[in-house]
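Trainee: One-letter residues, chain by chain:
There are 2 protein chains.
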Amino acid sequence: MRTPCFPIVLILAAVAWAQPQTYPLGAGPWNYTTYEKNTKIRVSVVTKGLSHPWSLAFLPNGDVLITERPGRLRLLHNGVLEPEPIAGISGLSIDQLFDVALHPEFAKNGFVYLTYIKKGKAPDGKNGYWATTALARGKFDGKALTGVQDVFVADAWQPLNGGDGSRVVFGPDGKMYFSSSHRRNPDAPQDLSSDVGKILRLNDDGTIPKDNPFVGKTGAKPEIYSLGHRTVLGLTFKPGTNELWETENGPQGGDEVNVIKAGKNYGWPLVTYGRDYDGKRLPGPSRDGFEPPELFWVPSVTASGILFYSGDKIPAWKGNLFLGSMTVGRLPGTGNLQRIVFNVNGEQRRESLLTDLHQRIRDVRQGPDGLLYLLTDENDGALLKIEPVQ
Amino acid sequence: MRTPCFPIVLILAAVAWAQPQTYPLGAGPWNYTTYEKNTKIRVSVVTKGLSHPWSLAFLPNGDVLITERPGRLRLLHNGVLEPEPIAGISGLSIDQLFDVALHPEFAKNGFVYLTYIKKGKAPDGKNGYWATTALARGKFDGKALTGVQDVFVADAWQPLNGGDGSRVVFGPDGKMYFSSSHRRNPDAPQDLSSDVGKILRLNDDGTIPKDNPFVGKTGAKPEIYSLGHRTVLGLTFKPGTNELWETENGPQGGDEVNVIKAGKNYGWPLVTYGRDYDGKRLPGPSRDGFEPPELFWVPSVTASGILFYSGDKIPAWKGNLFLGSMTVGRLPGTGNLQRIVFNVNGEQRRESLLTDLHQRIRDVRQGPDGLLYLLTDENDGALLKIEPVQ
Numbered sequence: 000m001r002t003p004c005f006p007i008v009l010i011l012a013a014v015a016w017a018q019p020q021t022y023p024l025g026a027g028p029w030n031y032t033t034y035e036k037n038t039k040i041r042v043s044v045v046t047k048g049l050s051h052p053w054s055l056a057f058l059p060n061g062d063v064l065i066t067e068r069p070g071r072l073r074l075l076h077n078g079v080l081e082p083e084p085i086a087g088i089s090g091l092s093i094d095q096l097f098d099v100a101l102h103p104e105f106a107k108n109g110f111v112y113l114t115y116i117k118k119g120k121a122p123d124g125k126n127g128y129w130a131t132t133a134l135a136r137g138k139f140d141g142k143a144l145t146g147v148q149d150v151f152v153a154d155a156w157q158p159l160n161g162g163d164g165s166r167v168v169f170g171p172d173g174k175m176y177f178s179s180s181h182r183r184n185p186d187a188p189q190d191l192s193s194d195v196g197k198i199l200r201l202n203d204d205g206t207i208p209k210d211n212p213f214v215g216k217t218g219a220k221p222e223i224y225s226l227g228h229r230t231v232l233g234l235t236f237k238p239g240t241n242e243l244w245e246t247e248n249g250p251q252g253g254d255e256v257n258v259i260k261a262g263k264n265y266g267w268p269l270v271t272y273g274r275d276y277d278g279k280r281l282p283g284p285s286r287d288g289f290e291p292p293e294l295f296w297v298p299s300v301t302a303s304g305i306l307f308y309s310g311d312k313i314p315a316w317k318g319n320l321f322l323g324s325m326t327v328g329r330l331p332g333t334g335n336l337q338r339i340v341f342n343v344n345g346e347q348r349r350e351s352l353l354t355d356l357h358q359r360i361r362d363v364r365q366g367p368d369g370l371l372y373l374l375t376d377e378n379d380g381a382l383l384k385i386e387p388v389q
Numbered sequence: 000m001r002t003p004c005f006p007i008v009l010i011l012a013a014v015a016w017a018q019p020q021t022y023p024l025g026a027g028p029w030n031y032t033t034y035e036k037n038t039k040i041r042v043s044v045v046t047k048g049l050s051h052p053w054s055l056a057f058l059p060n061g062d063v064l065i066t067e068r069p070g071r072l073r074l075l076h077n078g079v080l081e082p083e084p085i086a087g088i089s090g091l092s093i094d095q096l097f098d099v100a101l102h103p104e105f106a107k108n109g110f111v112y113l114t115y116i117k118k119g120k121a122p123d124g125k126n127g128y129w130a131t132t133a134l135a136r137g138k139f140d141g142k143a144l145t146g147v148q149d150v151f152v153a154d155a156w157q158p159l160n161g162g163d164g165s166r167v168v169f170g171p172d173g174k175m176y177f178s179s180s181h182r183r184n185p186d187a188p189q190d191l192s193s194d195v196g197k198i199l200r201l202n203d204d205g206t207i208p209k210d211n212p213f214v215g216k217t218g219a220k221p222e223i224y225s226l227g228h229r230t231v232l233g234l235t236f237k238p239g240t241n242e243l244w245e246t247e248n249g250p251q252g253g254d255e256v257n258v259i260k261a262g263k264n265y266g267w268p269l270v271t272y273g274r275d276y277d278g279k280r281l282p283g284p285s286r287d288g289f290e291p292p293e294l295f296w297v298p299s300v301t302a303s304g305i306l307f308y309s310g311d312k313i314p315a316w317k318g319n320l321f322l323g324s325m326t327v328g329r330l331p332g333t334g335n336l337q338r339i340v341f342n343v344n345g346e347q348r349r350e351s352l353l354t355d356l357h358q359r360i361r362d363v364r365q366g367p368d369g370l371l372y373l374l375t376d377e378n379d380g381a382l383l384k385i386e387p388v389q
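Residue numbers (numbering that gives the first Met the number 0), protein chains in the order written: chain A, 0 to 389; chain B, 0 to 389.
Honestly, the hints are just simulated from the structure, not real lab data. Possibly wrong hints are sitting among the right ones.
Said to hold, decoys possible - With a cut-off of at most 20 Å between alpha-carbon atoms, the simulated SDA-like pairs for lysine to any residue come out as follows: (1) A:Lys39 - B:Gly332; (2) A:Lys279 - A:Pro268; (3) A:Lys279 - B:Gly332.
Stated by the list, open to error - Each pair of labels, with its calculated beta carbon distance range: (4) B:Asp287 - A:Thr21: 44 to 54 Å; (5) A:Asn30 - B:Thr21: 45 to 55 Å; (6) B:Glu386 - A:Asp275: 40 to 50 Å; (7) A:Tyr31 - B:Asn108: 48 to 58 Å; (8) B:Gly218 - A:Arg329: 40 to 50 Å; (9) B:Gly283 - A:Gly310: 46 to 56 Å; (10) B:Arg286 - A:Gly369: 44 to 54 Å; (11) B:Pro103 - A:Lys260: 50 to 60 Å; (12) A:Tyr31 - B:Asp210: 48 to 58 Å.
Note that the Cβ used here is the ideal one computed from N, Cα and C, for glycine as well.
Please construct the entire structure, taking both the sequences and the accompanying hints into account.
Mentor: Structure, rendered in structure tokens:
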């Protein structure tokens with residue numbers, strides 16, 4: 000017999016169901032033995048209290064700039080998180096804030112770059128707003144940003160629809176490599192007249208270098224460096240080389256690490272190893288005319304920030320590639336730190352680290368102290384430090 | 000200053016290094032909440048004390064036959080492991096024992112089938128021995144096997160070299176599907192005059208059905224059902240269909256689940272998604288003329304036994320595919336139970352279960368009670384039971 004409270008039970012069950020499962024991070028530290036059993040590490044919390052942190056940059060004085068996705072720039076000063084966000088970016092019309100990078104001559108010019116999703120009016124002036132991916136620059140004086148303005152606004156205006164991360168990194172050539180993700184636009188990543196689904200190459204003032212691969216090509220945007228990208232969540236140059244390495248979120252089983260070359264097509268959505276989220280098979284893996292991934296994952300690891308470790312503090316890790324994994328196969332609580340070991344032939348081994356912390360690892364960086372630093376993309380996000388244990 | 004004990008420390012360190020890392024299984028039981036948070040399971044130990052168990056078969060009376068890779072057949076009687084192995088197989092010249100399967104009419108005829116690596120003399124009569132994959136049959140009387148003899152010995156004689164698992168399963172057509180792995184022979188899996196790297200189709204007495212796909216083809220062995228296989232560690236028919244599903248261990252990043260069709264080529268070593276263990280890229284993913292995998296993993300999960308769950312005891316799992324993972328990316332202690340959820344389009348989601356037990360899951364079976372049973376391929380291997388928790 001149905002009791003009177005039955006509908007209430009159903010509602011409570013539905014609420015419990017819809018509640019995202021979270022895995023609060025403890026106080027730490029945590030010790031691990033890694034694959035090479037004589038390599039032991041300790042992971043400790045530098046700070047908590049960050050709201051979905053996305054990226055960080057180490058300042059020459061040891062302070063750290065940290066972006067929060069909801070649109071704040073935070074300062075870790077003398078190892079302590081300043082309670083108030085850094086002032087100076089309120090004029091940017093930020094929907095989501097992503098990357099932060101310093102100019103190579105930051106010590107001289109104080110330039111800080113930010114990538115973000117910029118809100119603007121829809122073409123009909125109503126029906127919500129449209130948005131694009133933008134790159135802003137300001138001067139940091141140790142406390143606030145001043146003179147913040149866009150140096151490049153991608154030609155990627157469309158409704159907000161997800162799939163919209165962005166990174167910026169300076170190359171050994173002094174140019175900026177700035178990514179504009181697919182934003183669930185199925186056609187634009189293959190269209191050279193759009194900045195959607197591209198990696199762009201710019202001078203440090205946002206102007207376009209004359210030696211870009213599509214300069215002078217009719218119908219093509221001269222800022223484009225490579226095309227056919229989905230969600231670009233990591234960019235880094237391999238130390239000592241001119242190789243630009245990239246993480247790209249694919250569909251199910253389509254996450255990739257690519258080595259980005261001028262003018263090349265990375266295939267989305269024409270070629271991919273993955274399946275769509277509804278289980279449908281996508282066109283298939285790479286073929287002639289498209290660059291195959293250097294690495295891929297099935298199931299996907301939601302690959303985010305990427306870094307080659309070049310420090311001396313953890314000798315077994317020197318030259319290894321690290322990247323943040325936010326979830327494995329989109330299952331909550333499965334984020335980890337991916338470590339890739341190479342030999343002369345290429346990939347030799349992968350290791351999933353910190354799995355038991357159940358954190359979405361958004362970014363991984365090397366500090367000036369030669370240690371590794373991670374950001375956890377959580378409601379109460381943290382900056383973590385990895386150091387060796389003797 | 001170097002102390003006199005320094006060389007001893009080095010030797011001890013080297014010994015510790017070479018020691019394989021083991022993860023002893025506790026007493027259990029262990030409770031888990033799975034992806035659908037209202038699906039809670041309990042994993043308990045039915046028995047320990049098995050030496051690298053490989054496969055199991057449930058008898059009509061509830062007893063269980065279990066193979067141990069070193070060459071013993073064990074009996075779980077009334078829920079307790081009999082201390083002595085089952086007699087009757089000592090005449091087979093077993094190098095490694097793999098699968099055990101009952102005849103569909105076992106209740107009438109008592110037939111039990113075993114797959115194994117059979118030792119024989121090398122052609123020159125010295126230099127160690129050669130081996131092949133064989134299928135034996137005997138009658139089980141509840142205590143011992145009698146009349147055990149080979150019903151089919153594959154034409155796959157060569158030196159022992161690893162890569163040699165084998166399964167046998169009865170199809171809805173009453174035929175036996177019997178796998179003979181690649182055994183690190185690079186050429187034979189594509190050669191129709193060899194049984195290496197093939198799935199064979201046989202009558203229940205080991206004779207060859209006249210409707211096999213290569214019957215009458217010059218130079219081809221009539222027992223071959225499909226070709227181009229690497230290490231076949233799992234075979235199962237999808238309930239209610241004629242679909243034969245297979246797990247196949249690839250190189251790094253090359254593990255596959257295939258749907259096996261008569262006369263088709265599954266590509267090894269001409270096409271694969273993986274890399275060789277030394278990091279070298281292999282020829283590349285599937286192309287015309289080869290069957291692509293239904294599922295694959297990068298990094299590999301060392302996929303072993305495979306099963307579609309068709310029971311009613313865990314409703315959320317009905318129709319899901321389960322398979323044993325022995326390691327992820329060949330890292331010790333990373334074995335788990337893989338669960339694959341399908342929808343009308345195909346694969347929808349993967350879940351890694353029991354990761355914290357750190358066990359090599361060799362086989363997964365459904366009991367007559369509608370529960371799931373697992374074997375852990377360890378020195379002190381166990382039979383585990385998965386049941387729902389209300």
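Trainee: Indicate, hint by hint, whether the structure satisfies it.
Mentor: For each hint, the structure was consulted:
1. About 17 Å separates the Cα atoms of Lys39 of chain A and Gly332 of chain B, which keeps this hinted pair within 20 Å; it holds.
2. For the hint pairing Lys279 of chain A with Pro268 of chain A, the CA-to-CA distance comes to about 13 Å; that is within 20 Å, so the pair holds.
3. For the hint pairing Lys279 of chain A with Gly332 of chain B, the CA-to-CA distance comes to about 33 Å; that exceeds 20 Å, so the pair is violated.
4. Distance hint for Asp287 of chain B and Thr21 of chain A: a CB-CB separation of about 47 Å, consistent with the stated range 44 to 54 Å.
5. Our hint of 45 to 55 Å for Asn30 of chain A and Thr21 of chain B is violated, since their Cβ atoms are close to 20 Å apart.
6. In this structure the hint that Glu386 of chain B and Asp275 of chain A lie 40 to 50 Å apart at CB is violated, the actual value being about 35 Å.
7. In this structure the supplied range 48 to 58 Å holds for Tyr31 of chain A paired with Asn108 of chain B, their Cβ-Cβ distance being about 55 Å.
8. Between Gly218 of chain B and Arg329 of chain A the beta carbons are some 48 Å apart, a value that agrees with the proposed interval 40 to 50 Å.
9. Evaluation of the 46 to 56 Å hint for Gly283 of chain B and Gly310 of chain A yields a failure: the beta carbon distance comes to about 35 Å.
10. The hinted window of 44 to 54 Å between Arg286 of chain B and Gly369 of chain A holds, with their beta carbons roughly 46 Å apart.
11. For Pro103 of chain B and Lys260 of chain A, the hinted distance range of 50 to 60 Å is satisfied, since their beta carbons lie about 58 Å from each other.
12. For Tyr31 of chain A and Asp210 of chain B, the hinted distance range of 48 to 58 Å is satisfied, since their beta carbons lie about 56 Å from each other.
The structure fails hints 3, 5, 6 and 9 (numbered hints given earlier, in ascending order).
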